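Here the structure of chain A is known, so what remains is to put chain B in place on it, guided by the hints.
Chains as they are written, first to last, in the numbering used here: chain A, 1 to 183; chain B, 1 to 107.
Among the hints, erroneous ones may be present.
Unchecked claim - DSSO-like, lysine-lysine: derived pairs with alpha carbons at most 27 angstroms apart:
1. B/K64 x A/K37
2. A/K122 x B/K64
3. B/K82 x B/K95
4. A/K37 x B/K82
5. B/K27 x B/K107
6. B/K27 x B/K49
As the list claims (entries may be wrong) - Away from chain A, derived, C-beta distances all over 10 angstroms, residues of chain B:
7. H25
8. G40
9. F43
10. R55
11. K64
12. D71
13. L75
14. Q84
15. V92
16. E104
17. Y106
Worth flagging that the hints you see were computed from the coordinates, not collected in a lab.
On a predicted model such as this, the values are computed, not experimentally measured, just so you know.
Note that CB positions come from ideal geometry on N, CA and C, so glycine has one too.
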Amino acid sequence: MSEAVSALSGQTHEGFVTVSEAGLVGMISIRSDLEAKGLAKALKAEGLPVPGARRIETVDGRSIAWMSPDELLLICAHDEAPALTARLAEALAADHALVVNVSDARAMFTIRGDKADQVVMKLSPADIATLPEGEIRRSRTAQVAAAFWRSGESEISLISFRSVAGYVMGLLEVSAREGSDLF
Amino acid sequence: MLTLTCPCCGVIAEETEFAPGGEAHLKRFGPGSSDDEFEGYLFARKNPKGVHFERWRHAYGCGKWFLAARDTNTLEVFATYKAQTTEPPADVIAKIKAKRPDWEGYK
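Same shape as in the complex, but just chain A (with noise of 0.2 angstroms):
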């Protein structure tokens, strides 16, 4: 079996705070219409609620958060999504659903420090400021797609597609260089 591999594996830059790519993330996508009950059964046998618009829910190391009026995003260990896809794909059959493992599509970011607003509002046109706590933001960080929320106390994770990730490093990278904060 090959060994898995994150997009920049853990790379980290050190400015007026710490930007690093978090290394393997499991991600599901999972597809479906929100409000159908076999949704929320087959989430709640994992533990997981549904999400309401724009919020994203953590229960124990496991996130969950609502990506558009159809989808939503399941973020758990890495090793664990191939195994939680399938069950997830499974208590879903019947239903008009779709669950697609995504880890390896995606890349995950966390910027740690005071300022760590600072570092995603040069790059993005949404309002950071107002940001509230458990809400998810779907935006853009320069000129690719990117979706970010507050992950902890000074702490905004942000997840971009893999492709793009050594792109979103570098505008991450140069955004928190030291000396350049805003305020």
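Below, chain B without anything else, positioned relative to chain A:
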């Protein structure tokens, strides 16, 4: 700057997060229609200075299509509403009429 509220996910975002889709509420003329109708469907578009109905897609967000009623002159957005609408809803019309009393109406 044009700021739109996506009716599908509720996010208030600026123009660059969206992809424009041209005029809204077009009636499709396909096989069996006359040449004039088909030409009109393909090419004839309104180009008003003022109230306009447009299609937009929240390309960098939830990815859904929706419709917007806005003023092409002032960039004021009167309302955004779901794409599954064949003509402007009454409440949107009322909102526009309240703000633009001399607007001649849709069509």
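Hint by hint, here is what the structure shows:
Only pairs whose Cα atoms come within 27 angstroms are accepted, and B/K64 paired with A/K37 is accepted, the gap being roughly 23 angstroms. Under the criterion of a C-alpha separation no larger than 27 angstroms, the hint pairing A/K122 with B/K64 is consistent with the structure, at around 26 angstroms. Of the pairs offered as hints, the one joining B/K82 and B/K95 holds, with about 16 angstroms between alpha carbons and a cut-off of 27 angstroms not exceeded. Note on A/K37 and B/K82: the hinted pairing holds, with a Cα-Cα distance of about 24 angstroms set against a maximum of 27 angstroms.
About 12 angstroms separates the Cα atoms of B/K27 and B/K107, which keeps this hinted pair within 27 angstroms; it holds. Taken as a hint, the B/K27 and B/K49 pair is honoured in the structure, with Cα atoms around 22 angstroms apart against an allowance of 27 angstroms. Every Cβ of chain A is farther than 10 angstroms from the Cβ of B/H25; the closest lies at roughly 22 angstroms, confirming the non-interface assignment. Look at B/G40: its CB is around 33 angstroms from the nearest CB on chain A, clear of 10 angstroms, so calling it non-interface holds up.
No beta-carbon of chain A comes within 10 angstroms of the beta-carbon of B/F43; the shortest separation is about 32 angstroms. No Cβ of chain A comes within 10 angstroms of the Cβ of B/R55; the nearest lies about 17 angstroms off, and the non-interface call holds. With a least beta-carbon separation of about 6 angstroms from chain A, B/K64 fails to lie farther than 10 angstroms from that chain, contradicting its non-interface assignment. Remark: the non-interface label on B/D71 is consistent with the geometry, its nearest Cβ contact in chain A lying 22 angstroms away (cut-off 10 angstroms).
Residue-level check passed: B/L75 sits 16 angstroms from the nearest beta carbon of chain A, beyond 10 angstroms. The beta carbon of B/Q84 sits about 12 angstroms from the closest Cβ of chain A, which is more than 10 angstroms, so the claim that it is off the interface holds. For B/V92, the non-interface assignment is confirmed: its Cβ lies about 20 angstroms from the closest Cβ of chain A, beyond the 10 angstroms cut-off. Consistency note on B/E104: stated as away from chain A, and its beta-carbon is indeed over 10 angstroms from all of that chain's, at 35 angstroms minimum.
The Cβ of B/Y106 sits about 27 angstroms from the closest Cβ of chain A, beyond the 10 angstroms cut-off, so the non-interface label holds.
The structure fails to meet hint 11 from the earlier list, while all remaining hints are met.
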